[in-house]
Amino acid sequence: MVAQPASPAPRPSFREACVGSSTPAARRSSLQFSAWTLVWALSFLAATFLLKREVVAGALAWVTAAVPGLLGLVTVAAYRRFLRSLDELQRRIQLEGLALGFGAGILFSMCWRLFERAGAPQLDISDSALVMLGFWVLGQLLGYRRYA
Amino acid sequence: MKNRLRVLRAERSWSQAELAEKLGVSRQTVNAIETGKYDPSLPLAFALARVFGQAIEGIFEPEGE
Numbered sequence: 004m005v006a007q008p009a010s011p012a013p014r015p016s017f018r019e020a021c022v023g024s025s026t027p028a029a030r031r032s033s034l035q036f037s038a039w040t041l042v043w044a045l046s047f048l049a050a051t052f053l054l055k056r057e058v059v060a061g062a063l064a065w066v067t068a069a070v071p072g073l074l075g076l077v078t079v080a081a082y083r084r085f086l087r088s089l090d091e092l093q094r095r096i097q098l099e100g101l102a103l104g105f106g107a108g109i110l111f112s113m114c115w116r117l118f119e120r121a122g123a124p125q126l127d128i129s130d131s132a133l134v135m136l137g138f139w140v141l142g143q144l145l146g147y148r149r150y151a
Numbered sequence: 342m343k344n345r346l347r348v349l350r351a352e353r354s355w356s357q358a359e360l361a362e363k364l365g366v367s368r369q370t371v372n373a374i375e376t377g378k379y380d381p382s383l384p385l386a387f388a389l390a391r392v393f394g395q396a397i398e399g400i401f402e403p404e405g406e
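Chains as they are written, first to last, in this note's numbering: chain A, 4 to 151; chain B, 342 to 406.
Warning: the hint list may mix true and false statements.
Unchecked claim - Below, a sample of chain A positions facing chain B; criterion: calculated Cβ distance under 7 Å: (1) S25; (2) D90; (3) Y150.
No wet-lab data here; the hints were simulated from the structure. We treat Cβ as the ideally placed atom computed from N, Cα and C, and that holds for glycine.
Could you build the full structure based on these sequences and the hints that come with them?
Structure representation (structure tokens):
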């Protein structure tokens, strides 16, 4: 067989540079994970609303508080399925994103306590979770760009 | 690690997407291996060798050799 001149690698699209390309199985599990994340977020907002306005009380309040947690477990399971459907490079990108998110979240929650002692405003635990989430997303974007 | 992936792919007129489908990985992974940004695991290197009908050392070569 005669060797043809090797063509240069096609330039990745903007979307591909940001979130990478994926196999059909990964696309399916990604959609499922996104859907469960949305369901969890909506249940969290609804539970917050109901509990804040004291629409529910007694045992029903406890059930209302537990529902987002249970849906969160399903979301975590969907994320695990998503991770397992990825190929090795995409899994590495996810791992690097998780490492950045986890590290930044822990560092932020520990260091901010010192800043609070120095007079900074008091934050609650959900602020650390937001930092963790933000850096997880940032880590993924950096990974997809690095290997694009 | 240097590799001959792009040349071998061009010999067969396969696109990156076609090779990715044969390997069961994303196009991004094939591109990252071709451009030397990512070294594949041993199972994926064996899969590449099988797809191209070559030995692993016929595709990959350590840097500086």
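Each hint, compared with the structure:
Using the Cβ-Cβ criterion of 7 Å, the hint placing A:S25 at the interface with chain B is satisfied: the shortest such distance is roughly 5 Å. Nearest Cβ of chain B to the Cβ of A:D90: about 4 Å, under the 7 Å cut. The hint holds. Among the interface hints, the one on A:Y150 holds; its C-beta lies about 4 Å from the nearest C-beta in chain B, closer than the 7 Å criterion.
Going down the numbered hints, you'll see the structure goes against none, and every one checks out.
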